[in-house]
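Sequential numbering of the sequence shown, starting at 91, is according to my numbering.
Simulated from the structure, these hints should not be mistaken for laboratory data. A portion of the hints provided could be inaccurate.
As the list claims (entries may be wrong) - Mimicking DSSO-like on lysine-lysine, the simulated pairs with C-alpha atoms at most 27 angstroms apart in a straight line are:
1. K248 to K285
2. K171 to K146
3. K146 to K93
4. K146 to K181
5. K181 to K302
To be verified - DEER-style ranges, computed between Cβ atoms:
6. V197 to R101: 34 to 42 angstroms
7. A105 to L175: 37 to 45 angstroms
8. D249 to E300: 16 to 24 angstroms
9. A252 to L282: 36 to 44 angstroms
10. E264 to T172: 36 to 44 angstroms
Since we're looking at a predicted model, the values are computed, not measured. Yeah, the Cβ is synthetic: ideal placement off N, Cα and C, and Gly gets one too.
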Amino acid sequence: MAKQLPYAAMREIFARFQADAPEPKGELHHTNAFTLVVAVALSAQATDKGVNRATKDLFQIADTPEKMLALGEEGVIAHIKTIGLFRNKAKNVIKLSRILVEEYGGVVPSSRAALQSLPGVGRKTANVVLNMWWHFPAQAVDTHIFRLGNRSGIAPGKDVDAVERAIEDHVPAEFQLHAHHWMILHGRYICLARKPRCNDCLIRDLCQYEEKTL
């Protein structure tokens with residue numbers, strides 16, 4: 091685990107990320123808050139590309155909790171069976187749809203606690219929805235962010251909660267909204283797990299990773 095980078099280095103890192111991608115976007119396809127919740131819940135232990143393929147037709151016929159309930163669990167399974175853990179995920183999609191209809195009037199709630207009360211929605215999923223739909227500077231820490239944060243010194247921490255706090259505490263406020271997207275994309279495409287592409291890295295000179303590739 092690298093040491094936490096100082097403020098000046100953090101400002102420079104995120105200024106470079108911003109210059110390279112001023113408006114980074116999440117890669118999960120969605121049309122509204124409900125389809126975003128479902129897509130993020132389905133993405134656990136699955137790739138965004140795989141989820142997008144599975145939900146392309148699903149969201150055309152079930153883009154509200156009411157329509158998802160009408161489709162039913164077996165109907166959901168028929169669309170998402172290419173995704174890992176599809177049976178349990180389909181069950182959660184139906185359960186959360188029912189809760190949204192019965193307790194929230196069919197509207198996705200906008201608090202972290204309410205979102206986390208939905209089946210299959212953990213803190214990371216809730217943070218993604220808060221950030222992408224309501225533009226709240228929530229930090230959704232996945233494996234890419236955890237790896238990048240600890241390797242580079244951007245946000246070191248022994249677990250995802252510690253990394254989340256490090257991002258919130260150390261990333262300058264003006265970069266908080268897009269911080270997790272920049273970090274996810276950098277971890278997904280540059281700071282790879284087995285062989286990071288250090289030669290293509292925007293922040294190579296500031297990163298504390300000692301085993302940089304040539």
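Verification of the hints:
In summary, the hint linking K248 to K285 is supported, as the alpha carbons are separated by about 22 angstroms, within the 27 angstroms threshold. Between the alpha carbons of K171 and K146 the distance comes to roughly 13 angstroms, so the proposed pair stays at or under 27 angstroms and holds. The hinted pair formed by K146 and K93 fails the criterion: a straight-line CA distance of about 42 angstroms is larger than 27 angstroms. The straight-line distance between the Cα atoms of K146 and K181 is roughly 19 angstroms, inside the 27 angstroms bound, and the hint therefore holds.
The straight-line distance between the Cα atoms of K181 and K302 is roughly 43 angstroms, outside the 27 angstroms bound, and the hint therefore fails. One distance hint, 34 to 42 angstroms for the beta-carbon pair V197 and R101, holds here, with the actual separation near 38 angstroms. Our hint of 37 to 45 angstroms for A105 and L175 holds, since their Cβ atoms are close to 39 angstroms apart. For D249 paired with E300, a C-beta distance near 22 angstroms keeps the hint of 16 to 24 angstroms intact.
Distance hint for A252 and L282: a CB-CB separation of about 23 angstroms, inconsistent with the stated range 36 to 44 angstroms. At roughly 40 angstroms, the beta carbons of E264 and T172 sit within the given window of 36 to 44 angstroms.
Taken one by one, the earlier hints fail for this structure at numbers 3, 5, 9, listed in ascending order.
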